[in-house]
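Line order of the protein sequences matches chains A and B. Under numbering that gives the first Met the number 0, think of the first position of the first sequence as 0, with each following residue one higher. Under numbering that gives the first Met the number 0, think of the first position of the second sequence as 0, with each following residue one higher.
Quick caveat, the hints were computed from the structure, so don't treat them as lab data. One should not assume that every hint holds.
[Stated by the list, open to error] Within a straight-line C-alpha distance of at most 27 Å, the following computed DSS-like cross-link-like pairs (lysine-lysine) qualify:
{"no.": "1", "chain 1": "A", "residue 1": "Lys409", "chain 2": "B", "residue 2": "Lys8"}
{"no.": "2", "chain 1": "A", "residue 1": "Lys423", "chain 2": "B", "residue 2": "Lys46"}
{"no.": "3", "chain 1": "A", "residue 1": "Lys443", "chain 2": "B", "residue 2": "Lys35"}
{"no.": "4", "chain 1": "A", "residue 1": "Lys230", "chain 2": "A", "residue 2": "Lys394"}
{"no.": "5", "chain 1": "B", "residue 1": "Lys80", "chain 2": "A", "residue 2": "Lys519"}
{"no.": "6", "chain 1": "A", "residue 1": "Lys157", "chain 2": "A", "residue 2": "Lys264"}
{"no.": "7", "chain 1": "A", "residue 1": "Lys78", "chain 2": "A", "residue 2": "Lys264"}
{"no.": "8", "chain 1": "A", "residue 1": "Lys534", "chain 2": "B", "residue 2": "Lys35"}
{"no.": "9", "chain 1": "A", "residue 1": "Lys157", "chain 2": "A", "residue 2": "Lys278"}
{"no.": "10", "chain 1": "A", "residue 1": "Lys157", "chain 2": "A", "residue 2": "Lys230"}
{"no.": "11", "chain 1": "A", "residue 1": "Lys443", "chain 2": "B", "residue 2": "Lys80"}
{"no.": "12", "chain 1": "B", "residue 1": "Lys76", "chain 2": "A", "residue 2": "Lys446"}
{"no.": "13", "chain 1": "B", "residue 1": "Lys76", "chain 2": "A", "residue 2": "Lys409"}
{"no.": "14", "chain 1": "B", "residue 1": "Lys80", "chain 2": "A", "residue 2": "Lys554"}
{"no.": "15", "chain 1": "B", "residue 1": "Lys76", "chain 2": "A", "residue 2": "Lys622"}
[Stated by the list, open to error] Listed below are several chain B residues computed to face chain A (Cβ distance under 10 Å; list not exhaustive):
{"no.": "16", "residue": "Phe37"}
{"no.": "17", "residue": "Cys56"}
{"no.": "18", "residue": "His65"}
[As the list claims (entries may be wrong)] Simulated restraints, written as ranges between beta carbons of each label pair:
{"no.": "19", "chain 1": "A", "residue 1": "Ser460", "chain 2": "B", "residue 2": "Glu20", "range": "50 to 58 Å"}
{"no.": "20", "chain 1": "A", "residue 1": "Glu504", "chain 2": "B", "residue 2": "Asp50", "range": "35 to 43 Å"}
{"no.": "21", "chain 1": "B", "residue 1": "Asp60", "chain 2": "A", "residue 2": "Arg505", "range": "52 to 60 Å"}
Given the structure is predicted, the values throughout are model-derived calculations rather than measurements. In this text, a Cβ means the ideal position worked out from N, Cα and C, and glycines have one as well.
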Amino acid sequence: MKVVDSGYKIDLHIHSVYSRSKDRGKVAFNTIDNIGVLAEKLNANGVQMCAITDHDAFGFDMYKALKTYENDVQCSVIKVFPGIEFTVEFMGEDGPTVLHVIAVFNDEDEAKVAKIADCLLDNKGKTAYDKNEAFSEEKFLSILRSIDLDTVLIVHQKSSLTSSHPYKNDAKTVGEEKFQEFVYTDYFEAFEFKNRKNEVFNKNFLNAQDLTEDIRFITGSDCHDWQHYPKETEKDNTDFVYTYVKCLPCFRGLVMAITDHRRIKTVNSFFNPTETYTKNLQITIDGEAYEIPLSRGINVIIGDNSIGKSLLLHKLTEFRKRKDNLLGSRVVQGYEKYLKKHKIEIDTIIPPAEVFAFDMQGEIRDKFEQEKIKSDDFLKRYYPAPIKPGAYREKIQRKLKVIFDYLEEKYSIEIMESQLGRFKVIDEVIKKAESITFVGSVTKNNKRVAGYQSISEDLDSIVEQIDTLRNNNWIDQDDKNQLEYIIEQLDGMSMRYEKKKRRAERENTKIALFQDAVSKFKQKYKSSVSDTQKKLSTYNENIDSAAEAIADIIKRRQKLEMPDFAIEKETVQIQTERVHDYEFNSRLGITEIDEDYVKNLFEAELNKGKKTILELSQEELAKRLSYYNGTPADALEELKNRIQARMDDDLANKFTITQAGNDRTQELSSGFNSQIYFDILSYETSHDGTYLIDQPEDNISQKAIREYLLDRFKVMGENRQVIIVTHNPQFIVNLDVDNVIFIGKEKDRIFIQSGALEYKDANYNILDIISNHIEGGLDTLRRRWKRYEKNASV
Amino acid sequence: MKRMLQFKKTDAGYACFENNENVFEISKSNLQFDVKAFYKAFYSEDKDFEDIEIENCIPDDKNAKHIYECIIQLMTKINEKLVELPDYSADEQNENDISEEE
Numbered sequence: 000m001k002v003v004d005s006g007y008k009i010d011l012h013i014h015s016v017y018s019r020s021k022d023r024g025k026v027a028f029n030t031i032d033n034i035g036v037l038a039e040k041l042n043a044n045g046v047q048m049c050a051i052t053d054h055d056a057f058g059f060d061m062y063k064a065l066k067t068y069e070n071d072v073q074c075s076v077i078k079v080f081p082g083i084e085f086t087v088e089f090m091g092e093d094g095p096t097v098l099h100v101i102a103v104f105n106d107e108d109e110a111k112v113a114k115i116a117d118c119l120l121d122n123k124g125k126t127a128y129d130k131n132e133a134f135s136e137e138k139f140l141s142i143l144r145s146i147d148l149d150t151v152l153i154v155h156q157k158s159s160l161t162s163s164h165p166y167k168n169d170a171k172t173v174g175e176e177k178f179q180e181f182v183y184t185d186y187f188e189a190f191e192f193k194n195r196k197n198e199v200f201n202k203n204f205l206n207a208q209d210l211t212e213d214i215r216f217i218t219g220s221d222c223h224d225w226q227h228y229p230k231e232t233e234k235d236n237t238d239f240v241y242t243y244v245k246c247l248p249c250f251r252g253l254v255m256a257i258t259d260h261r262r263i264k265t266v267n268s269f270f271n272p273t274e275t276y277t278k279n280l281q282i283t284i285d286g287e288a289y290e291i292p293l294s295r296g297i298n299v300i301i302g303d304n305s306i307g308k309s310l311l312l313h314k315l316t317e318f319r320k321r322k323d324n325l326l327g328s329r330v331v332q333g334y335e336k337y338l339k340k341h342k343i344e345i346d347t348i349i350p351p352a353e354v355f356a357f358d359m360q361g362e363i364r365d366k367f368e369q370e371k372i373k374s375d376d377f378l379k380r381y382y383p384a385p386i387k388p389g390a391y392r393e394k395i396q397r398k399l400k401v402i403f404d405y406l407e408e409k410y411s412i413e414i415m416e417s418q419l420g421r422f423k424v425i426d427e428v429i430k431k432a433e434s435i436t437f438v439g440s441v442t443k444n445n446k447r448v449a450g451y452q453s454i455s456e457d458l459d460s461i462v463e464q465i466d467t468l469r470n471n472n473w474i475d476q477d478d479k480n481q482l483e484y485i486i487e488q489l490d491g492m493s494m495r496y497e498k499k500k501r502r503a504e505r506e507n508t509k510i511a512l513f514q515d516a517v518s519k520f521k522q523k524y525k526s527s528v529s530d531t532q533k534k535l536s537t538y539n540e541n542i543d544s545a546a547e548a549i550a551d552i553i554k555r556r557q558k559l560e561m562p563d564f565a566i567e568k569e570t571v572q573i574q575t576e577r578v579h580d581y582e583f584n585s586r587l588g589i590t591e592i593d594e595d596y597v598k599n600l601f602e603a604e605l606n607k608g609k610k611t612i613l614e615l616s617q618e619e620l621a622k623r624l625s626y627y628n629g630t631p632a633d634a635l636e637e638l639k640n641r642i643q644a645r646m647d648d649d650l651a652n653k654f655t656i657t658q659a660g661n662d663r664t665q666e667l668s669s670g671f672n673s674q675i676y677f678d679i680l681s682y683e684t685s686h687d688g689t690y691l692i693d694q695p696e697d698n699i700s701q702k703a704i705r706e707y708l709l710d711r712f713k714v715m716g717e718n719r720q721v722i723i724v725t726h727n728p729q730f731i732v733n734l735d736v737d738n739v740i741f742i743g744k745e746k747d748r749i750f751i752q753s754g755a756l757e758y759k760d761a762n763y764n765i766l767d768i769i770s771n772h773i774e775g776g777l778d779t780l781r782r783r784w785k786r787y788e789k790n791a792s793v
Numbered sequence: 000m001k002r003m004l005q006f007k008k009t010d011a012g013y014a015c016f017e018n019n020e021n022v023f024e025i026s027k028s029n030l031q032f033d034v035k036a037f038y039k040a041f042y043s044e045d046k047d048f049e050d051i052e053i054e055n056c057i058p059d060d061k062n063a064k065h066i067y068e069c070i071i072q073l074m075t076k077i078n079e080k081l082v083e084l085p086d087y088s089a090d091e092q093n094e095n096d097i098s099e100e101e
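Bound conformation, chain A alone:
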């Protein structure tokens, strides 16, 4: 097994009869003869890695008896480690304190394992306690040295770390200062707990103390009676929860897992089991076939420059970047030539449907430095469908029409008033002359024609909209029928108004003919009467005309009702799609329509003044309209156009990104773009497939990689398969990748070696490969050497 494809259930705290010196009768059943009972219980509980850790004792025969089940395909157990639960006296703040420390040893050197028990005894063959039934810290360390095996130390912790009254022998009994020393010197690889309820308290403690990276918790059954496994004894009512670790089933794997909190969980959720992933790479090099297993999580491809790492990603994806013009045909030709030269055949293809995304070399840098991501196809798919503003627009337009109709009529009356003329008052002599006066004229009513036409057109437009709605596939048949009925009614109504319009037009034609006839008759009459009669006739006509004009103004003014801006308040719908902690919104430019919105539409176009738009005359409007140099007569039309444009803008669909309620759309640039990009990539689970990326470290500071990017990739690795080409040791060691694929060259021959970080076989060791071939890899390993092997010299 080279890569991990699931977490392993562990229990590293089981007692056998070898604990009888401390536990007496409690462990009486746990003899070598009953090891089958334990194996059966472990199998029933699906435990895969375990250790018998007796109090200050080690039974090699017991260990070996359980270890035989490693090879039993019927048993879940695949790895048994040797171990001891040491009773160690530490010097605490309030004096000596005894803690129980579980030591789990490397099982590779069986000769040394066989001698573990001897290291615990003194010259007289008794347990080498140098304190009262306990080892001093110095003695404990000297025993570990004499055992001379790589060791994992886990301190037993019965109560939670938040408990103000720790149990006897709990780590916290040493006092705060010593406890801090344990934590910051990584004295213990992990703290053990058993009760499920303590998990929450422990997590809270880590969060509150900001110790998540410094303390790992695992669970152990502390079983003393195998008949009742995983209970401690028959009477044990603890709600026990198992720990899963993500590692290869070997000691190196255990160490890797137990020293990284991300590799330890109480639910087996290290990988996404439903995610489509590529199981292996089939590659033939110079006749030698390689089947390179891939992890469901993070796979890194490493190797010297120009060895063919990028080529591998492009070939796996069938050079798909050619389509986006990101990969030139000359480069592709170069790749093909290289493959031919080295007799490499890459038989695995990741179909487009199984590729979540592929960022080739330099593509990420572009996304960081330019603002391509604003229009990136990647973001587009997260926005919900655009909001249809039709209903909101209709509501506002209705109110605007009322206001504009009012203003038009008001200004029309103002013009009529201004056009009231003058005439000369005649004297007594002329008044006595006899004449014919032409009074009671009729005028055309063009407004009525326009009014009917507008109603008819509006009705036709509504019919069109309803017809579109009726043809929507999602509408129910009953509603479709209803809409058909409404269309019929509206069509009928529209026809009625069309008729009215035609009748009003005919009326106007008649009036025009009549006016023409009267005018001709007047001219004929005036040419046949005296000047005195003409003056009288004109005077009477003037009086009549003035009276008619004033009466008309009065009538129209009486009809003119000042509207208000009131409109029923309505919240404008926002559609949101949540991805990670971002909200992708489809929204309009406004969040609600109400009286203030309508009022503001006008006020935004006017310079400051006391009067509202409704109180302004046409002249005043022309002066108040900001940046307007046209005539008063055109001012209203200009205002209409401006308001329409503003409203169009307000009602246009906008795509925004918010995070915790704050609009981040404007921040979509450089660094923030990439942050959103990787956040979404990491937490996105709705789109299936493998993520491939070539050198994510390009142009990103080591600090940004350490503090931000690695974390995103860790999350990503839990959600999907990731294949990374990298030269950066941080991406390998600190990211704690699941699989390393090394492409090397020896005597001009390409070869491939791969496996999890902890993997080693007779031919190679992945950690060695990293330290030898990755610039800075050795330093990174040294800085973190403890997590791999306590006694190893890297």
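Go by the hints and put chain B onto chain A.
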């Protein structure tokens, strides 16, 4: 409320006074009747024009008589026209009636 005005002679001509304020005047030099000024004085904005009485305070001035009569004549005509002109609702009702008949 009834508005009471007085028609009087002024230095420039003849004028209507309302609460001793000259609201409308015709110059004796050209006898031009300014319809807009007349409208402003008696009918504009929210002025009450339903019941206006103008008292001729210079009945013996023959020159003023025809001016006074012109004002009264115009007011009377306006009242007649207001009765004659159909208002909006009546207009619409009329249209609907025609439509129904069809």
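Query raised in the report: Of the hints stated earlier, which fail here?
Result: 1, 4, 9, 15 and 17
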